[in-house]
Amino acid sequence: MLTTSSRPALVRLLTAFLLAAVLTAAPPADAGQQPSAPERTRAERVLHRMTLPQRVGQLFMVGSPATSVDAATRREIGRLHVGSVMLTGRSYAGTRRTARVVHALESRATWAATSGARLLVATDQEGGQVQVLHGPGLDEMPTALGQGGWGLAHLRGAAGRWARQLRASGVNMNLAPVLDTVPGPRAAASNEPIGRYDREFGYTPVRVSRHGLAFARGMATHGIAPSVKHFPGLGRVRGNTDTTARVVDRVTRRHDPYLEPFQHAVTAGVPFVMMSSAVYARLDRHHPAAFSGFVIRTMLRSDLGFDGVVVSDDLANARQVARWSPGVRAVKFLHAGGDLVLTVSPRVVPAMVHAVLERARHDERFRARVDSAALRVLEAKDDQGLLGR
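Taking the working numbering, the leading residue of the sequence shown gets 51, the next gets one more, and so forth.
In short, the hints are calculated from the structure, not lab data. From the three backbone atoms N, C-alpha and C, an ideal C-beta is built for every residue, glycine too. Hints may contain errors.
[Stated by the list, open to error] So the derived label-pair ranges between C-beta atoms look like this:
hint : residue 1 : residue 2 : range
1    : Arg92     : Arg303    : 18 to 24 Å
2    : Asp292    : Ala218    : 26 to 32 Å
3    : Ala122    : Arg347    : 31 to 37 Å
4    : Glu414    : Arg296    : 31 to 37 Å
5    : His153    : His336    : 18 to 24 Å
6    : Ala121    : Ala295    : 29 to 35 Å
7    : Val378    : Thr101    : 19 to 25 Å
8    : Val298    : His98     : 20 to 26 Å
9    : Thr101    : Arg125    : 27 to 33 Å
10   : Val119    : Pro186    : 18 to 24 Å
Generate the whole structure from the sequences, applying the supplied hints.
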């Protein structure tokens, strides 16, 4: 099991067991005595004291350059209560300078801004061409395809070392590993988002499962929350949803063998799953996966049993979702069952936050959806030690 999520789960299990033993041994209560309400978890207590704008802010992860302190991102943390950031671009600053950038962002997460909940600080540190942080104290990571040729113990150890380097940089979450399976080298050449950059661990779901989990476990063991991606898979499309509109997967089915890596990750306790923004013709031909209740609720939540945080792919600049306004994108994702809106650009955050707030103020069911998503994010933060005491 993954360390970041299995330890709190074990604590909850032991607590429940001990409580049951105490209740069994205790004398029966008076007939007229009302049973006491269960004590709130730390995440529930934080949620309870948050205002609606603070709860909505927890549903956003905003991009910020890894090389410097971005004024717009700092402003949105303080003014719009944004609860998570993603370091973007390509930085050669190294661990110490990056940690100073992160500290400046974290200083905006005041009690008034986030009610005591610290920031999730993420980045893309897969390896190869998808590695944001470089420089002193940080290894140059090989591509996932290269990592897929290593032994599992070696990969897990290397991922643990990379995790320690991320922690030294102030990061606590990695938007990796990629669990998309590309069918083979020939298919990789025409697969723009994954195969072209060797982002896959191999060409079979079995290899991707084993090596992807070794990477995730190495990260989790050393304090970095991994986010697997891109459910339900980008290994069999041609276009890249970041740069191309109308990207469609015409082969993936509900119980497809290529979902195996995601199922294994969920079973292992991975805390975050990032959604694909492609359309899957055999699943829901009317909506991108990130906006599809069938893909998120029926497949990911029900079929696979995932109860962690569902993260969007970028909803700011991606061409695949450009036909909707920023506010509509955020509402659609949350309405479909998503929890954490990722936007690499802070410029769209005010419109997104406003749209979510307005919908929550006038729609009780959507307000409940906001509360549920915010609680999931806060529980993940608690697992990372970001809620204090």
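Verification of the hints:
1. Restraint check, Arg92 to Arg303: a C-beta distance of roughly 40 Å breaks the suggested window 18 to 24 Å.
2. Distance hint check for Asp292 and Ala218: the Cβ-Cβ separation is about 29 Å, which falls inside the suggested range of 26 to 32 Å.
3. Taken as a hint, the range 31 to 37 Å holds for the pair Ala122 and Arg347, whose Cβ atoms sit roughly 33 Å apart.
4. Distance hint check: the CB atoms of Glu414 and Arg296 are about 35 Å apart, consistent with the given range 31 to 37 Å.
5. Judged by the Cβ atoms, the range 18 to 24 Å given for His153 and His336 is violated: they are separated by roughly 45 Å.
6. One distance hint, 29 to 35 Å for the beta-carbon pair Ala121 and Ala295, holds here, with the actual separation near 31 Å.
7. At about 24 Å, the beta-carbon gap between Val378 and Thr101 stays in the expected band of 19 to 25 Å.
8. Against the hinted window of 20 to 26 Å, the Cβ-Cβ separation of Val298 and His98 comes to about 43 Å, which falls outside the hint.
9. Restraint check, Thr101 to Arg125: a C-beta distance of roughly 18 Å breaks the suggested window 27 to 33 Å.
10. As the Cβ distance of Val119 to Pro186 is approximately 19 Å, the hint placing it in 18 to 24 Å holds.
In summary, the numbered hints that this structure violates are 1, 5, 8, 9.
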